[in-house]
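With chain A fixed as given, assemble chain B onto it according to the hints.
Here the protein sequences line up with chains A and B, keeping their order.
The numbers in my numbering rise by one with no breaks, and the one at position 316 of the first sequence is 498.
The numbers in my numbering rise by one with no breaks, and the one at position 297 of the second sequence is 479.
Rather than coming from a laboratory, the hints here were simulated on the basis of the structure.
There are no misleading hints in this set.
Identical copies go unnamed one by one, so any copy, or any two together, can satisfy a pair.
Below, simulated SDA-like cross-link-like pairs (lysine to any residue); rule was C-alpha separation at most 25 Å, straight line:
#, residue 1, residue 2
1, K410, E485
2, K492, H261
3, K186, I446
4, K492, N265
5, K510, H205
6, K193, I446
7, K492, Q262
8, K231, N511
9, K489, I253
Protein chains: 2
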Amino acid sequence: MSFKILKKSKKSKARIGILKTKHGVVKTPIFLPIATKAAIKNLTSEELKDLGAEIILSNTYHLFLRPGEKIIKEIGGLHQFMNWSGPILTDSGGFQVFSLAKIRKVKENGVEFISEIDGQKFFLTPKKAIQIQLDLGSDIIMSFDECVGYPTPKKETEMAVKRTTKWAKIGKDYFEKKIGKRKDRPLIFGIIQGGIYKDLRLKSLKEITALNFDGYAIGGLAVGEPVKEMYKILNYLVPLLPENKPRYLMGIGKPEQIIKAIKIGIDMFDCVIPTREARHGRLYKFKFKNLEILNQNIKFYEEINIKNAKYQKEFQPIDKNCDCYTCKNYSLAYLRHLFMSNEILGLRLATIHNLKFYLDLIKIIRDAIRVA
Amino acid sequence: MSFKILKKSKKSKARIGILKTKHGVVKTPIFLPIATKAAIKNLTSEELKDLGAEIILSNTYHLFLRPGEKIIKEIGGLHQFMNWSGPILTDSGGFQVFSLAKIRKVKENGVEFISEIDGQKFFLTPKKAIQIQLDLGSDIIMSFDECVGYPTPKKETEMAVKRTTKWAKIGKDYFEKKIGKRKDRPLIFGIIQGGIYKDLRLKSLKEITALNFDGYAIGGLAVGEPVKEMYKILNYLVPLLPENKPRYLMGIGKPEQIIKAIKIGIDMFDCVIPTREARHGRLYKFKFKNLEILNQNIKFYEEINIKNAKYQKEFQPIDKNCDCYTCKNYSLAYLRHLFMSNEILGLRLATIHNLKFYLDLIKIIRDAIRVA
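Okay, chain A solo, but in the shape it has when bound (with noise of 0.2 Å):
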């Protein structure tokens, strides 16, 4: 078994495990920034290692347009070619679906895409997923699927169900087939879609989790819908995951949603609000960092707009208790001065600080719910 839980907290579903990866072990409940194209904004991955990173998400779609997957497995693999030794996922491309529709059309057999880069068609399979994603080396694959957006129609959300789990059934095929017995195995997690229809999540679910993946995610959420649409899918899908398997939840969220969905039972999240808040000058704060954290009703940190005139003369760091690169070497009016120059290593050095809250705040949750 790749996942082991190791506490279940008594006070709600939230549980605590590990994760056997081919490329190390991580803890869960676990966050993961975002190396889209291989490379995590601004920082290196020395950087990210630093910061405590323990796992990294990168991008197939994006990888498959640039540099290309045989160039980067010629190279030795993504871990080589970005210097990151630890655990990558990798998302399959089925996110671009949504995320990048307007240049897109939806097949039976996958998906024909514009290219960004040179006005070429080219077409994604469910196969051709999992190929490049082997390529790449990836140590999580993600399954090949068709995330909609909302609002869609019931019927076309049905249709993408229908084919998220075709195309899962025959990536994760190709997969097994590719891999036989190969002792260094990458795990492959398969995505549950569904939009907002109750029973077609039920449905995606049933039909995902009847396939064996190594773990689930759950997609096409936080793409319009209300925030408590989103809990409401949650409070009824999780509860029917397998509960030996890591659950992924895909592209969440704001801390507080965090908090909220790994009492729900999510072990994984990855999200670009970090890293973009942070190029958008926007920090966050701890007000307090104990196992209080839990507690839904408090606001625990405060978001600060570093643009703001108050920090001109403030020679303190951002927050004094944080031992980030950033806080330990450079003060507020420095970053303000930073970004009113458009001096682009006050994007790096946000960045840093905002990715350093995002991985204490996991590992200080994880102390909260192991006393929990």
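Same frame as chain A, but now just chain B:
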């Protein structure tokens, strides 16, 4: 004396020296990376230190505009502000008289600029330029000068020389009055102007050196004139500079230009080339790295265009003999990928390498002078 010559070459006018500043001693010849707005583009001060930078350059004009020298003073000075503990030389704003010609008016007592930030007019005077640099806590203060471009008619150049002398005197007097017998005395350098006119250059040299500065800069070169013209000027000007004071050639230059200027007797350099070229994906690589470098007839480096398709699968670093962070951790293929994908991490990794090239170059030259 703040400057001491340790060795003179027998084969050329090159010399090795040490320059004492209130933030430590630097060896000359020396190259100053440029942190115009209190940041080397893309790099932290710690990275700069790791690269072996000994002294950096920042800018009076830009820091006056943003964040304002009073804020930096209140915070504890520029060193504190940007977390750099080594010496800092600050340019006076005189170069902006040239580079921002469209938004300034030169008057008898100073220069009126229109702020790029808010369109407000402000007046930079020789006293003001010194006061700002004192507030910043600069280690080497530059006199406020009027830098003219190429071509500039003789009459106009003559006026600029006159004003440069007048301003140098006002600034120097103000500096001495402010500094008094302070132990922690910054150095102050005069700047020689005169365009391409020999008589004006000689006049400027005579008048500026009469003011007994701690060092002398040659300004107004590399502003569009033919390179030959620059060497001609250096050849007659440098031998007339006081032997026992450091000589600073402002804004120069390409690797071979630095070598040539050192052989004419220049001690200090700053230039945007390594950082700017890096941002355009042009990387420097030594063809050989030994003392033969002083021999002008050998092309000792090559320029790499990282976007070239031939680096697509090149899993070697830029230079396997380079021990910069970039070369130790990343390949040409990865760097190319970052540039092709517009990942700004690429700019940083390239900047690190190019600065290391320049800093290594200057060290090799020092070694070469030691035995020449």
